[in-house]
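Engineer: So the chains spell out like this:
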Amino acid sequence: MSGVAVQQAGFFDKPAMKAVVAVVILVATVALIGGGFVFLRDVRTAGLLTALVALVVGVGGIWALFYSFNVLADLFPPAIRDKILPYVFVFPAVAALGFYIVWPAVNTIGLSFMDRFGNEFIGLENYRFIFTNEAFLIVLRNTFVWVLLAPTVATALGLLVAVIVDRFSPLTEKILKSLIFLPMAISFVGASVIWRFVYAYQPAGGPQIGVLNAIHTALGNDPVAWLTIRPWNNFLLIFIMIWLQTGFAMVILSAAVKGVPKDLLDAARIDGAGEVRSFFNVTVPYIQGTILTVLTTIVFLVLKIFDVAYVMTSGQFGTNIIALRMYQEAFVQRNFGRGSALAVILFVVVIPLLVRNVRGMRKSGD
Amino acid sequence: MSDATLKKAIVKPSGVAGENRTRALIAGIPARLFILAIIVIWTVPTVGLLVSSFRTPQAIANTGWWNGLARFTEWSQWTLANYERVLFADQMANAFFNSLLITIPSTVIPITIAAFAAYAIAWMVFPGRKIVFVIIVGLLIVPLQMALIPVLRVYTRHDINGTYLGMWLAHTGFGLPLATYMLYGYISSIPKSILESAHADGATPWMMFTRLVLPLSIPAIASFSIFQFLWVWNDLLVALVFFGTRRPIVTTRLAELVGSRGQTWHVLTAGAFVTMVVPLIIFFSLQRYFVRGMMAGSVKG
Numbered sequence: 201m202s203g204v205a206v207q208q209a210g211f212f213d214k215p216a217m218k219a220v221v222a223v224v225i226l227v228a229t230v231a232l233i234g235g236g237f238v239f240l241r242d243v244r245t246a247g248l249l250t251a252l253v254a255l256v257v258g259v260g261g262i263w264a265l266f267y268s269f270n271v272l273a274d275l276f277p278p279a280i281r282d283k284i285l286p287y288v289f290v291f292p293a294v295a296a297l298g299f300y301i302v303w304p305a306v307n308t309i310g311l312s313f314m315d316r317f318g319n320e321f322i323g324l325e326n327y328r329f330i331f332t333n334e335a336f337l338i339v340l341r342n343t344f345v346w347v348l349l350a351p352t353v354a355t356a357l358g359l360l361v362a363v364i365v366d367r368f369s370p371l372t373e374k375i376l377k378s379l380i381f382l383p384m385a386i387s388f389v390g391a392s393v394i395w396r397f398v399y400a401y402q403p404a405g406g407p408q409i410g411v412l413n414a415i416h417t418a419l420g421n422d423p424v425a426w427l428t429i430r431p432w433n434n435f436l437l438i439f440i441m442i443w444l445q446t447g448f449a450m451v452i453l454s455a456a457v458k459g460v461p462k463d464l465l466d467a468a469r470i471d472g473a474g475e476v477r478s479f480f481n482v483t484v485p486y487i488q489g490t491i492l493t494v495l496t497t498i499v500f501l502v503l504k505i506f507d508v509a510y511v512m513t514s515g516q517f518g519t520n521i522i523a524l525r526m527y528q529e530a531f532v533q534r535n536f537g538r539g540s541a542l543a544v545i546l547f548v549v550v551i552p553l554l555v556r557n558v559r560g561m562r563k564s565g566d
Numbered sequence: 188m189s190d191a192t193l194k195k196a197i198v199k200p201s202g203v204a205g206e207n208r209t210r211a212l213i214a215g216i217p218a219r220l221f222i223l224a225i226i227v228i229w230t231v232p233t234v235g236l237l238v239s240s241f242r243t244p245q246a247i248a249n250t251g252w253w254n255g256l257a258r259f260t261e262w263s264q265w266t267l268a269n270y271e272r273v274l275f276a277d278q279m280a281n282a283f284f285n286s287l288l289i290t291i292p293s294t295v296i297p298i299t300i301a302a303f304a305a306y307a308i309a310w311m312v313f314p315g316r317k318i319v320f321v322i323i324v325g326l327l328i329v330p331l332q333m334a335l336i337p338v339l340r341v342y343t344r345h346d347i348n349g350t351y352l353g354m355w356l357a358h359t360g361f362g363l364p365l366a367t368y369m370l371y372g373y374i375s376s377i378p379k380s381i382l383e384s385a386h387a388d389g390a391t392p393w394m395m396f397t398r399l400v401l402p403l404s405i406p407a408i409a410s411f412s413i414f415q416f417l418w419v420w421n422d423l424l425v426a427l428v429f430f431g432t433r434r435p436i437v438t439t440r441l442a443e444l445v446g447s448r449g450q451t452w453h454v455l456t457a458g459a460f461v462t463m464v465v466p467l468i469i470f471f472s473l474q475r476y477f478v479r480g481m482m483a484g485s486v487k488g
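Those protein sequences? They're chains X and R, same order as listed.
Note that this note's numbering has the first sequence beginning at 201, numbered continuously upward.
Note that this note's numbering has the second sequence beginning at 188, numbered continuously upward.
One or more hints might be untrue.
Listed next, the stretches of chain X that the computed footprint assigns to chain R, with coverage defined by at least 3 CB atoms under 8 Å from CB atoms of chain R [stated by the list, open to error]:
hint: 1; region: 288 to 302
hint: 2; region: 397 to 405
hint: 3; region: 500 to 511
hint: 4; region: 524 to 537
hint: 5; region: 543 to 549
Simulated from the structure, these hints should not be mistaken for lab results.
Idealized CB from N, CA, C, for every residue including glycine.
Please model the entire structure based on the sequences and the hints provided.
Structural biologist: Right, dumping it as structure tokens:
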């Protein structure tokens with residue numbers, strides 16, 4: 201460490217030399233990023249050259265920027281440098297967060313009180329419309345059912361699987377868990393295509409190539425266009441979310457289940473509690489904190505995910521949810537006011553979670 | 188005899204233990220059936236997709252994929268043409284390339300920025316560091332939807348909409364709270380003595396960061412990289428809003444195929460599988476980091 205420091209000090213000994221080098225590096229970096237910015241903004245075809253420039257500017261640029269500012273800060277005596285440097289290190293993060301989250305969030309709240317173009321103040325009109333319009337009430341109802349069902353079922357299934365496979369041999373347990381966890385790797389769009397295929401429908405007489413209708417017709421029923429059956433089609437969409445999230449719940453809860461002291465379980469058994477009772481009286485209370493975390497995490501995810509409804513039904517047949525409707529209002533109908541109001545509703549629902557997060561962190565001493 | 192059974196045998200008279208074992212076995216049957224059902228439901232749909240993607244359009248339309256599997260040796264039903272079609276005629280190859288081009292910088296840039304910030308917050312003394320951290324934790328929870336409209340308006344005004352640059356920066360901004368939070372947790376737990384002795388040896392903050400903190404943080408960086416890579420790769424919303432569909436990426440292309448040709452299953456199954464290849468490779472090759480990243484990333488806003 202010290203050897204290197206001496207070496208560097210020797211090379212850039214004179215402050216004037218250092219200053220020149222620092223300025224040259226900074227100018228080169230700014231030119232690289234600026235030039236790359238203009239180049240990438242104007243070129244809109246993805247050739248190999250673009251890709252190369254893109255990777256150099258995107259990946260190299262950010263490092264060069266930090267480096268050149270560091271060289272600049274090094275011009276000052278260490279005491280002053282150490283005062284400047286933290287801001288150099290933190291600034292890009294703060295700037296990006298400010299521009300991409302904090303400012304837009306505040307702006308969105310403002311827009312939610314404006315008309316569709318974001319020009320005229322219309323008070324609570326967007327909210328009044330959302331909470332009285334019949335189509336929107338169905339959207340709110342569906343979202344409520346999603347939030348109620350997907351997290352609880354996924355968590356319950358995940359917990360059951362975790363507890364049961366815990367008894368199997370470690371290898372079996374590992375394989376089974378991998379299979380259930382696998383959907384976590386798949387995009388929501390990909391998963392939706394998988395399940396569209398399961399729910400596929402042909403009019404009676406045609407070959408049923410979807411698994412669900414194949415089973416249904418094999419039992420002597422007529423084929424059903426599942427995705428159009430209101431309101432039950434909502435459950436078919438929600439099930440996809442459960443399919444995707446059970447693995448998540450299982451992995452977290454499995455770790456928690458393994459942490460339940462054996463003594464407690466043995467004691468319950470000696471007291472004559474069966475498997476089921478010791479599960480409910482010992483395991484569940486012991487890991488209830490983890491269960492709550494898993495539940496809130498999935499609630500939070502379910503609120504924001506629009507992909508499943510978008511791909512399965514585009515929100516038709518009474519299956520729309522807030523996240524999808526927000527996308528449609530804001531980016532298809534270009535009604536920024538109403539879209540913002542829907543975003544704000546999502547945000548308001550997760551505020552308790554935000555408060556809990558910040559409080560929990562304060563408590564942990566940081 | 189394992190420790191656990193030994194303990195049970197001591198605790199309980201053998202007759203009761205034997206009876207218990209029989210009871211456990213009977214009680215175990217519903218549990219096993221349950222697991223079996225779950226495994227079937229969790230794997231069969233994906234298998235059906237994969238099998239179908241290799242069947243000819245006629246075969247897919249006329250018989251269920253399970254029939255195809257049952258009559259596996261009817262070779263005429265199997266084909267690779269679906270992939271050829273979806274990759275080239277339906278632009279999936281192009282989409283794949285574009286997705287990589289968006290995903291790689293969208294992973295490297297936020298993790299770099301976050302690592303610097305996390306290091307500063309954890310180990311450098313400056314007024315406001317606690318406030319910065321509290322704000323970042325709060326931002327973890329802000330739904331993406333809150334940011335889309337204003338950012339899009341700025342993008343449109345400055346003609347950044349539909350560019351790679353716009354996508355990288357957007358994913359950087361949206362990924363930063365989680366990246367910083369995760370890396371902070373890891374970097375702040377590096378033993379103080381290591382950093383102090385480096386400081387005593389005359390290391391500058393830059394050297395401590397690049398030669399000490401970064402190498403030590405590789406596990407956290409790996410976990411987050413995998414999470415962010417998959418998140419961006421699988422993202423549909425940010426891509427639809429800021430990139431549009433004129434140039435395809437895997438998710439927007441697949442969603443478009445569903446919209447325009449929702450019943451052409453030979454295209455959809457092969458297309459879906461193309462979008463899933465990269466995540467599946469990562470899943471099977473880096474499972475430990477994958478699970479860790481997914482767990483840590485579950486709070487992303």
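Engineer: Each of the hints needs a verdict: does it hold here or not?
Structural biologist: Do the hints match the structure? See the list:
Using a Cβ-Cβ cut-off of 8 Å, 11 residues of the region 288 to 302 of chain X lie near chain R, which meets the minimum of three, so the contact claim holds. Only when three residues or more bring their CB closer than 8 Å to a CB of chain R does the claim for the region 397 to 405 of chain X stand; here the count is 3, and the claim holds. Counting residues of the region 500 to 511 of chain X whose C-beta sits closer than 8 Å to any C-beta of chain R gives 8, which meets the bar of three, so the coverage hint holds. Here the region 524 to 537 of chain X counts 5 residues with a CB under 8 Å from a CB of chain R, which clears the bar of 3, and the coverage holds.
Requiring three or more residues with a Cβ within less than 8 Å of a Cβ of chain R, the coverage given for the region 543 to 549 of chain X holds, as 4 such residues are present.
Consistency with the previously given hints is maintained throughout, with no hint failing.
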